[in-house]
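For the sequence shown, the tail end lands on 440 under our numbering, and the numbers increase by one without skipping.
Worth flagging that the hints you see were computed from the coordinates, not collected in a lab.
Pairwise CB distance ranges, derived in the manner of DEER restraints:
1) Arg381 to Val134: 28 to 34 Å
2) Lys424 to Gly390: 18 to 24 Å
3) Lys376 to Ser334: 41 to 47 Å
4) Ser88 to Arg192: 23 to 29 Å
5) Lys235 to Pro107: 30 to 36 Å
6) Lys235 to Arg422: 22 to 28 Å
Beta carbons: idealized from backbone N, C-alpha and C, even for Gly.
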Amino acid sequence: MHKIKVSIIRCDDYDYKKLRNALEESLKLIGGLESIMRQGDKVLLKPNMMASKPPEKAINTHPLFVRALFEIIRDFGAKPVIGESPGGAIFGTRRVWKNSGMEEMAKEIGAPIVKLESSGIAKVKPPFGKKLKEFYIARPILDADVVVSVPKFKVHGTMLLTGAIKNLLGTIPGIHKVDFHKAAPKPDEFGDMLSDILSVAKPKLAVMDAILGMEGNGPTFGNPRKVGFVISSTDCVAMDAVVAQMMGIEPLRVYATKHAARKGLGIGDLNNIEVLGVSLSEAKIPDWKLDFTSNRVVSRIPRFLLKLYGLGFRAYPLLIQRKCKSCRSCLEKCPTGARFFDNNFPKVDFKKCIRCLQCFETCPSRAVRLKFSYLAKQWLKSQAGGI
54 MHKIKVSIIR
64 CDDYDYKKLR
74 NALEESLKLI
84 GGLESIMRQG
94 DKVLLKPNMM
104 ASKPPEKAIN
114 THPLFVRALF
124 EIIRDFGAKP
134 VIGESPGGAI
144 FGTRRVWKNS
154 GMEEMAKEIG
164 APIVKLESSG
174 IAKVKPPFGK
184 KLKEFYIARP
194 ILDADVVVSV
204 PKFKVHGTML
214 LTGAIKNLLG
224 TIPGIHKVDF
234 HKAAPKPDEF
244 GDMLSDILSV
254 AKPKLAVMDA
264 ILGMEGNGPT
274 FGNPRKVGFV
284 ISSTDCVAMD
294 AVVAQMMGIE
304 PLRVYATKHA
314 ARKGLGIGDL
324 NNIEVLGVSL
334 SEAKIPDWKL
344 DFTSNRVVSR
354 IPRFLLKLYG
364 LGFRAYPLLI
374 QRKCKSCRSC
384 LEKCPTGARF
394 FDNNFPKVDF
404 KKCIRCLQCF
414 ETCPSRAVRL
424 KFSYLAKQWL
434 KSQAGGI
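Working from the sequences, and respecting the hints, build out all of it.
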């Protein structure tokens with residue numbers, strides 16, 4: 054059987070010359086750009102831009118990484134653009150573009166920016182859709198000749214890792230992301246739906262910024278850590294399988310990888326993946342810190358109980374008032390409008406809250422905590438590992 058190629062190349066920092074050389078070598082090992090695109094092709098680079106934070110926080114794909122990849126593709130003769138619909142979508146996206154450094158970088162090199170939440174939408178029907186038979190995706194994704202997923206090497210507390218597949222959630226424009234959270238409240242279900250996005254977006258290339266990664270309580274509050282690699286593949290599933298192994302996670306334990314492999318959207322079995330450059334055993338990080346508290350909380354509550362007990366069997370996002378800066382970030386991130394302000398502090402309308410935990414995961418002041426209902430506590434205590 055023909056093996057899918059994933060390349061891992063060392064790159065210690067974001068020095069432009071070193072970074073470009075590493076990217077070029079990484080791409081060459083998987084067949085080169087000529088095997089993926091043609092001169093004149095419209096290429097959309099989709100970085101991971103989750104929060105309005107600077108590059109050193111390791112939350113977003115580093116703008117210098119995107120710059121080097123953009124210029125390699127432009128020099129090849131294709132027509133790249135940078136497109137994203139940041140987490141929280143229709144509000145505050147300008148701040149994300151600005152504070153991440155992506156906007157300034159794009160301006161410096163003349164890179165077109167495409168804000169996917171405001172560039173047109175298209176209704177699509179994923180071939181394997183169960184929870185959602187159809188959904189909206191940003192029109193530029195379908196109009197591009199080549200979509201390139203440019204994720205960050207990060208742990209994700211609920212979905213286990215943020216990789217080439219999870220990064221594609223940003224192709225769903227603005228408030229339409231709420232459809233996915235409503236239809237798939239459990240991590241395994243959400244991973245299945247992420248694979249549905251993969252089946253429609255059809256990226257032909259994935260190039261991961263694994264120079265500075267995030268361990269611990271990702272995807273926002275983890276700790277930046279030097280990893281020192283550039284990772285490339287024409288198969289998003291294979292890339293995520295390799296990245297999981299590097300982090301010490303069983304590849305097919307990652308929900309999106311498992312479902313995408315099951316649907317034939319890529320290769321998730323390491324036996325059918327050829328790792329080039331640095332070997333996988335050498336690239337594996339033995340003491341990489343993982344924090345899957347959010348995953349354990351949500352995964353161990355049976356779905357029928359979530360539906361049966363409703364608010365009685367939930368994890369509630371609650372405000373730590375002494376930490377709150379009244380910045381309104383939670384209002385901007387909330388996909389259902391469940392957050393509102395009262396006496397200068399945010400409150401929650403639990404009739405609208407879908408427990409997506411966006412406010413908990415993205416609050417810049419860490420002013421949101423989780424409170425577990427009695428039923429949730431009892432169930433979690435009965436499970437190995439507790440909360």
